[in-house]
Structure formats: structure tokens, C-alpha cells
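S.K.: Chains as they are written, first to last, in this note's numbering: chain D, 88 to 202; chain F, 986 to 1100.
No lab work stands behind these hints, which were simulated from the structure alone. Certain hints may be false.
Claimed, not checked - Straight line, CA to CA, 20 Å or less: simulated SDA-like cross-link-like pairs of lysine to any residue:
| hint | chain 1 | residue 1 | chain 2 | residue 2 |
| --- | --- | --- | --- | --- |
| 1 | F | Lys1092 | D | Glu131 |
| 2 | F | Lys1027 | D | Ser92 |
| 3 | D | Lys98 | D | Asp189 |
| 4 | F | Lys1092 | D | Leu126 |
Since the structure is predicted, the reported quantities are computational estimates derived from the model, not experimental observations.
Residues per chain, in single letters:
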Amino acid sequence: DTGVSQNPRHKITKRGQNVTFRCDPISEHNRLYWYRQTLGQGPEFLTYFQNEAQLEKSRLLSDRFSAERPKGSFSTLEIQRTEQGDSAMYLCASSQRRRDRDEQYFGPGTRLTVT
Amino acid sequence: KQEVTQIPAALSVPEGENLVLNCSFTDSAIYNLQWFRQDPGKGLTSLLLIQSSQREQTSGRLNASLDKSSGRSTLYIAASQPGDSATYLCAVLRDSGAGSYQLTFGKGTKLSVIP
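Isolated chain D (complex conformation) (with noise of 0.2 Å):
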């Protein structure tokens, strides 16, 4: 178990351009999450998956975000025509939930620029 891999760590690109990060869960973990964090701020909640299904998107999540979770393995984060304001941490943490407890393990995280 190598826990939580996210790729990759860094990620600068111009205003416009799109960007994919990646997430590779615990390998036995079947829930998968993805949240954003700015300076000085917790982590915010953008999407979950169970499996492979897509069951909860954020209000932060607009049309230019989309994830994907194929096979209910690893997962895809991407931020079409990115905009200075989309400049984050973003993190991907993975579950396996068990009687009354659900344990959420966090990644490294991907640092975007947007310049």
C-alpha cells in the first residue's frame, strides 16, 4: 500500500490552455473524492465517486471542470480553458467505508499556476 498518488505535483499553464491531473487511489478503496484548496482556507468538496459513478458534484464544479473515474480505478481531473482564478491545490483523497467509520486519505496534491 503506497497510499494516495496524485500527478503531477505542479502545473503552471497560460490563461486558456486545459490541464489534467491525475489521482490513484488506495489500491482497495472504492470511494474517491476530489477538493480544491486556496491560501489560507480549508479544502473545499468538488466531486466524489463510488466506483466508477460520479454521485456528487459541487456548486464549484462548472462546466469547465469535468472528472472521470473509468473502471473505478484511478481518476481524472480536467480544467478546460483555465482562468487565473482556477490557480489551487488540488487534492484527491480515497475511502473504503466501514461500520461507522469513513476514513478519508489525502494525496500529495497537484499546485496549479494560471498565469
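Following the hints, put chain F in place on chain D, whose structure we already have.
M.R.: Coordinates of chain F only, in the frame set by chain D:
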């Protein structure tokens, strides 16, 4: 809508001191509560999880308590060390009956332990 507040926003203590971080939440219908540590520019490390039916959890020098009815949790750190310097985040998971799986975070307490 669940809101999580952490007090204080920042705390500076001399090495060896015991300290308490506070977290409050507005909706007591929670599934569990997690305390995380975040180092600058890094992802989140889960420190402790308290199930809704529990009153406290301990791990080494850390002790977390939960009073669900009053919407409060505390994180107690004994004999603080410079390596404890980080931002500590509190997050609550709504009760599964509400059909939501997102963690709601506070803004964190930035702790500095002075040698």
C-alpha cells in the same frame, strides 16, 4: 449547511508546552470527525478519526475529544515539539443518512512551536 470553525487561527507556544486546538460545527448530524495535519505546500495527513458514537481518541501525544450534542471537538497536544509546527485542520463528515459524502473543513489553526 454545515459550517466548521477553528479557534485560534494561529498559535505560538514554547517547546514542551501542552496545548489545545478547538473546532466547532453547526450541524450535529455527523458520521465522524477527522483531525488532519498539513505542512506548507503539502497534502493532508490524517491524525485521528472520532466516530460519532465515540467521545475521544488517542494517538501518542495527541488526544481528540468529541461532544456531538454541543458541536465541539478539541485536539490536545502534549509536550509540544518543534516538529509539531504545522497547520491543523478539523473536518466533519455528514451522517450517511443525509446522502452526502463530503468532508467539510475548517480553515485550520497554524501552530508554531518555538525551540
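S.K.: Decide, hint by hint, whether the structure agrees.
M.R.: For each hint, the structure was consulted:
With a CA separation close to 10 Å, the supplied pair Lys1092 of chain F and Glu131 of chain D stays within the 20 Å bound. Restraint check for Lys1027 of chain F and Ser92 of chain D: satisfied, since their Cα atoms lie roughly 12 Å apart, inside the 20 Å limit. Restraint check for Lys98 of chain D and Asp189 of chain D: not satisfied, since their Cα atoms lie roughly 31 Å apart, outside the 20 Å limit. The suggested pairing of Lys1092 of chain F with Leu126 of chain D holds, with an alpha-carbon distance near 10 Å, which does not exceed 20 Å.
Hint 3 from the list above is the single one not met by this structure.
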